[in-house]
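K.L.:
Which chain is which? The protein sequence lines are A and B, in order. Read in order, the letters of the first sequence are residues 1 to 246 in our numbering. Read in order, the letters of the second sequence are residues 247 to 844 in our numbering.
Any given hint could turn out to be false.
What the hints assert, rightly or not - Only part of the chain B face toward chain A is listed, based on derived beta-carbon distances under 7 Å:
no., residue
1, F275
2, V564
3, I632
4, N720
5, V744
Unchecked claim - Computed footprint of chain B on chain A; a stretch qualifies when at least three of its residues, placed anywhere within it, have a C-beta under 8 Å from a C-beta of chain B:
no., segment
6, 30 to 36
7, 68 to 82
Hints listed in this document are in silico derivations from the structure and should not be mistaken for laboratory results. The C-beta atom is built at its ideal place from N, Cα and C for all residues, glycine as well.
Next come the chains, spelled out residue by residue.
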Amino acid sequence: MADGQHPARDQHDTFFLRDPAEALQLPMDYVQRVKRTHSQGGYGSQGYKYNWKLDEARKNLLRTHTTSASARALYRLAQKKPFTPVKYFSIDRVFRNETLDATHLAEFHQIEGVVADHGLTLGHLMGVLREFFTKLGITQLRFKPAYNPYTEPSMEVFSYHQGLKKWVEVGNSGVFRPEMLLPMGLPENVSVIAWGLSLERPTMIKYGINNIRELVGHKVNLQMVYDSPLCRLDAEPRPPPTQEAA
Amino acid sequence: MPTVSVKRDLLFQALGRTYTDEEFDELCFEFGLELDEITSEKEIISKEQGNVKAAGASDVVLYKIDVPANRYDLLCLEGLVRGLQVFKERIKAPVYKRVMPDGKIQKLIITEETAKIRPFAVAAVLRNIKFTKDRYDSFIELQEKLHQNICRKRALVAIGTHDLDTLSGPFTYTAKRPSDIKFKPLNKTKEYTACELMNIYKTDNHLKHYLHIIENKPLYPVIYDSNGVVLSMPPIINGDHSRITVNTRNIFIECTGTDFTKAKIVLDIIVTMFSEYCENQFTVEAAEVVFPNGKSHTFPELAYRKEMVRADLINKKVGISLWFVHSFFRETPENLAKLLTRMYLKSEVIGDGNQIEIEIPPTRADIIHACDIVEDAAIAYGYNNIQMTLPKTYTIANQFPLNKLTELLRHDMAAAGFTEALTFALCSQEDIADKLGVDISATKAVHISNPKTAEFQVARTTLLPGLLKTIAANRKMPLPLKLFEISDIVIKDSNTDVGAKNYRHLCAVYYNKNPGFEIIHGLLDRIMQLLDVPPGEDKGGYVIKASEGPAFFPGRCAEIFARGQSVGKLGVLHPDVITKFELTMPCSSLEINVGPFL
């Protein structure tokens, strides 16, 4: 939150911390720029025109998406002059205070990729996504306009699932908004494209697993771990699982 | 993502043509919507309450359409139809106008008492409107959607709509003591004081969620007309006197709240959407709001804003590059202007032929930067028409050192005969304290403030509970069970910017008919060998020294020192720990911090 991000999730989906409740140190010049951009505008934006409160931004929480880690990395990048292009990725845990069911846990993992350079376009994002998903054995892709508070344009990525005989969402992506990048201190003509997906959902679809607890947590069946073959994404695809994935 | 439920046939009627489900799904996909579900009222009731309750319910086909969270103009059938018709170039975007009334302008006077509780209010009038049952339902439903969405469950803004012909202005928006507010609310047969209502609504499934917004305040917001009739007690409930029916012809709309910008946006959305049904289509009658400082403002704002964007910027950001030889890929400024107009952003080329002037209507409060315009241009162009290219960015890659080391260790731990587990980072206080024989305050754990159950009280300070719970869940497996995990634990640390720090721990357990301390010790030796840490205290090596701990069997515990610091412990677990984790066999464990070995 201290990295100037909109909470992309509702209050009730987030784990807030009782102790330590607030961030202790924030780069105050960055904070001022974020506050101004959100409440009054700036950097070519009308802003969100609301009363941005430092108290709210200070509140510690468990990240609900790894975009917060990307934001931290981009902020660090922005402090290095001159700017050098980067390609980052992370595969890490996220936390959501949601109602639990067969496909939802409080903790799961997200995969996130980021490219920061001059002159990146939506076409570049789509090209990178195509190469990325090809490596996962997913080749038939379609892109759908979507909405994220911190990216614009945004795209949801869909792939055709042979077994389920329908298009399923396999990822979310977009170009980070200037309101997010410019207060960090990144040069104006630098674009940052990013994409993310959950780790568990595609795994469950690929292996025909219906309950996420079979993959994550202490209730995982050890026999399944003992018996599993190598995960070879580049090998010939197995025949699609016979049961409908959740 | 908000979901709008519309009657399919009504939708097609308004769109002027029918679609197959597939065709409509495709149209939604193109535009950025998602046809989430095709159902009917009967099906919905059947699913929720069973077939018996569903008998007699409507069979009419309903489309449930997912709409982007920032598109308040698509939250009702009227807005969806208008958006889609403009997108398909079947109609020109209507222009919304605020008009002055023939007679006196309606006034809403805000008193200073509202300042502490709900300071802002805006108002407008829809004149000579014609409702049908469907239009009326849509009108009510839009308010509910806005309440859930931009209004953040009425906390930021609440909407009140009233039959103007039953009221007499000027209206006063003030705040009074709950005991001083008395009126007959919607759907009730007699008058109640505000105190009584707060009690009554505690069991109302719909309204109970909003009571907290004003419940404990000394004064409650309330709106009166000039005869003392209560219009509403925002954000809870409207008065019955001014309730709207299908026959209502003139509507007074008030939006009160704590966010002025959002109140204005909400008002603009309601009036633009439903002014379609006014006799003077797409006109909205102005109302005047007088603030406590005496200044007055006219609403709704219905502001049209102009932005200027260079054509080549749009081409560049989307990737319809000017450098492509084939002009097929190049979008001329004129074409771009046409694309934007299809997205309800009326545009034309001006100046040197490269500038596009875009008019942003009051329904598009989501457009706040040029990047919003770029997205709309890309949507109209068709995302799937954009050519996919790869960035020329040249970078040299590196794996995060801690993760690289973790990966290497994981494989060799498996080679040593241990199976990996992936356990939860959140657990109960008991798991990291009581069950291990320590007090929670000694753990320096990070505490969650809003856990739904005890399972999410703290972030783990050790990997051991997770592994023990894994054994407990796999009791029927043949022995020995040899598990490991290399993952983060969290400790409070006031030297970091957020006040906590993650440490990468490696933990292994051996569970069998015998405790297997020598196996765990052997594993430690193997790990040190892999990390190139020689035995012996000097030369930066490692050594173990007898130690004790509440989780361990007395005399069977050792602390591990390497490179001059304590890096962890190993030993036979105390029988109390075994029992508390619902296990029955002896167990030994090893847990070290990997960080010092980077």
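K.L.:
Decide, hint by hint, whether the structure agrees.
P.N.:
Evaluated hints:
1. Taking 7 Å as the C-beta cut-off, the interface hint given for F275(B) holds, the closest approach to chain A being about 5 Å.
2. Interface restraint check for V564(B): the shortest CB-CB distance to chain A comes to about 5 Å, inside 7 Å, so the restraint holds.
3. Interface hint at I632(B): satisfied, since its Cβ lies 5 Å from the closest Cβ of chain A, which is below the 7 Å cut-off.
4. Below 7 Å, beta-carbon pairs count as interface contacts, and N720(B) has one with chain A at about 5 Å; its hint therefore holds.
5. This hint holds: V744(B) has a C-beta 5 Å from the nearest C-beta of chain A, less than the 7 Å allowed.
6. Coverage of a stretch by a chain is defined here by at least three residues with a beta carbon nearer than 8 Å to that chain's beta carbons; for the segment 30 to 36 of chain A and chain B the count is 0, and the condition is violated.
7. As drawn, the segment 68 to 82 of chain A meets chain B at 0 residues by the rule of a beta-carbon pair under 8 Å; below three, the given contact is violated.
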